[in-house]
Amino acid sequence: MEWHDKNPDIENVELSLPVNAAYVSAARQTAASITGRLGFDADEIEDVKMAVSEACAYFIKALDYCGHQSYKLCFGLRQDYVEVSLSCAAVNPAFDRDDYGLVLIKNLMEGFGVTQNGGVFTLVMAKRHKDSGLL
Amino acid sequence: MDYNIVAAYSAEKKQWDIKVTGEVDIFCAEDFRKRIMAIFKEKPARLSIDCGGLLYLDSTAVAALLQVFKAVRGCGGDLTLVSAGPTLMRLLTITNLDKILTK
Numbered sequence: 392m393e394w395h396d397k398n399p400d401i402e403n404v405e406l407s408l409p410v411n412a413a414y415v416s417a418a419r420q421t422a423a424s425i426t427g428r429l430g431f432d433a434d435e436i437e438d439v440k441m442a443v444s445e446a447c448a449y450f451i452k453a454l455d456y457c458g459h460q461s462y463k464l465c466f467g468l469r470q471d472y473v474e475v476s477l478s479c480a481a482v483n484p485a486f487d488r489d490d491y492g493l494v495l496i497k498n499l500m501e502g503f504g505v506t507q508n509g510g511v512f513t514l515v516m517a518k519r520h521k522d523s524g525l526l
Numbered sequence: 003m004d005y006n007i008v009a010a011y012s013a014e015k016k017q018w019d020i021k022v023t024g025e026v027d028i029f030c031a032e033d034f035r036k037r038i039m040a041i042f043k044e045k046p047a048r049l050s051i052d053c054g055g056l057l058y059l060d061s062t063a064v065a066a067l068l069q070v071f072k073a074v075r076g077c078g079g080d081l082t083l084v085s086a087g088p089t090l091m092r093l094l095t096i097t098n099l100d101k102i103l104t105k
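Residue numbers (this note's numbering), protein chains in the order written: chain A, 392 to 526; chain B, 3 to 105.
These are calculated hints, taken from the structure and not from any lab test. Yeah, the Cβ is synthetic: ideal placement off N, Cα and C, and Gly gets one too. One thing to keep in mind: the hints can contain errors.
To be verified - Sample of chain A residues lacking proximity to chain B, with all beta carbon distances greater than 10 Å (derived):
(1) Ala412
(2) Ala413
(3) Ser416
(4) Arg419
(5) Glu435
(6) Ser444
(7) Cys447
(8) Ala448
(9) Ile451
(10) Lys452
(11) Gln470
(12) Ala485
(13) Asp490
(14) Tyr491
(15) Gly492
(16) Asn498
Stated by the list, open to error - With a straight-line Cα cutoff of 25 Å, these simulated BS3-like cross-link-like pairs (lysine-lysine) come out:
(17) B:Lys21 <-> B:Lys72
(18) B:Lys72 <-> A:Lys452
(19) B:Lys43 <-> B:Lys15
(20) A:Lys497 <-> B:Lys101
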C-alpha cells in the first residue's frame, strides 16, 4: 500500500533538533527520505535536501549564540507538494537576512517566508511535485 | 558522514592538487577552511580543488572556500574548483560564485 492511500492530504513528520551543527546531516537525510517517498525526482529531492540543510544552518547560526537548545523541523506531506517549516520560540535570534543560505532557499523552493508571531520564529518553504498527477 | 582531503604538490604544474570527498556542511566548514589554508601555508602555490568526489557542499562551506580564495589571492596565489558536480554547480551559479571559483 502506498503511504498516501491512507491519508492523502495530511501527514506530518516532526523532528525536534538540537541547536548543534552535527545533526544537520540527519535533517538532510530525512528530507531526502520523505521526498523520495512522495515520488519526487532526483533533482527535486536534491533541491529540498539543500534547502532543508541551508534552513537548519540558518537557524543554528541565529540561535546558537543566545543559548537556545532546540528547534522544530516539520514536513507537511501533501498530495502534490511538501511543506517544510522550521520554528523556535526565541527571545533574540540573530537572523541575517542577507545570508547566502536564504538566497539558495528562495531559488530552490516556493512559498518561502520568515515570520515572527508571539515570540515564535518560523521559516516556511514548499516544493511542488513536478509530476503530481502520479500521486 | 564526514569528509576527507588528499593533497599532493605537483612541481611540474607548480600547484597543489587537492581532492575532497564526502560531505562538507556547517558542521565541518571551519575545519575544512583551516585544512585548505594549512596546505597553502605549507607551500604557497595555486590550489586546484577536485570536487568530483564531493557528495554535498553547503553555503557555509562555499563561504569558507571564498575566504580561502581571498586569502590566497591576497598572497598572489589562486584557487580553482574542478570537476564540480551538478548540485555544486547549481549552488555556485545561484550565488554567482561560479565565475570566481570555477574557470
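Tested hints:
1. Under the 10 Å C-beta cut-off, the non-interface status given to A:Ala412 relative to chain B is violated; the minimum distance is some 4 Å.
2. For A:Ala413, the non-interface assignment is contradicted: its Cβ lies about 5 Å from the closest Cβ of chain B, within the 10 Å cut-off.
3. Its beta-carbon lying about 6 Å from the closest one in chain B, A:Ser416 breaks the requirement of being farther than 10 Å from that chain.
4. With a minimum CB-CB distance of about 7 Å to chain B, A:Arg419 fails to clear the 10 Å threshold, and the non-interface call is violated.
5. Once the 10 Å rule is applied to beta carbons, A:Glu435 is consistent with being away from chain B; the minimum gap is 12 Å.
6. For A:Ser444, the shortest C-beta to C-beta distance to chain B comes to about 5 Å, within the 10 Å cut-off, and the non-interface label is violated.
7. Against chain B, the non-interface label of A:Cys447 is violated: not every CB pair exceeds 10 Å, the least being about 8 Å.
8. For A:Ala448, the condition that its CB be more than 10 Å from all CB atoms of chain B is violated, with the nearest at approximately 4 Å.
9. Interface exclusion of A:Ile451 from chain B breaks down, the closest Cβ pair being 6 Å apart, not more than 10 Å.
10. Non-interface call for A:Lys452 relative to chain B: violated, since the shortest CB-CB distance, roughly 8 Å, does not exceed 10 Å.
11. Every beta carbon of chain B lies more than 10 Å from that of A:Gln470, the smallest distance being close to 27 Å; the non-interface claim holds.
12. A cut-off of 10 Å between C-beta atoms confirms that A:Ala485 is not in contact with chain B; the least separation is 15 Å.
13. Listed as outside the interface, A:Asp490 is inconsistent with that label: its C-beta sits roughly 8 Å from the nearest C-beta of chain B, within the 10 Å cut-off.
14. Here A:Tyr491 does not stay apart from chain B, with its beta-carbon only about 4 Å from theirs, under the 10 Å limit.
15. Distance to chain B contradicts A:Gly492 as a non-interface residue, since its nearest Cβ pair spans about 5 Å, not more than 10 Å.
16. Here A:Asn498 does not stay apart from chain B, with its beta-carbon only about 5 Å from theirs, under the 10 Å limit.
17. Restraint check: the Cα-Cα separation between B:Lys21 and B:Lys72 comes to about 20 Å, which is no more than 25 Å; the hinted pair holds.
18. Between the alpha carbons of B:Lys72 and A:Lys452 the distance comes to roughly 23 Å, so the proposed pair stays at or under 25 Å and holds.
19. This hinted pair checks out: B:Lys43 and B:Lys15 have alpha carbons roughly 18 Å apart, not beyond 25 Å.
20. Under the criterion of a C-alpha separation no larger than 25 Å, the hint pairing A:Lys497 with B:Lys101 is consistent with the structure, at around 21 Å.
The structure fails to meet hints 1, 2, 3, 4, 6, 7, 8, 9, 10, 13, 14, 15 and 16 from the earlier list, while all remaining hints are met.
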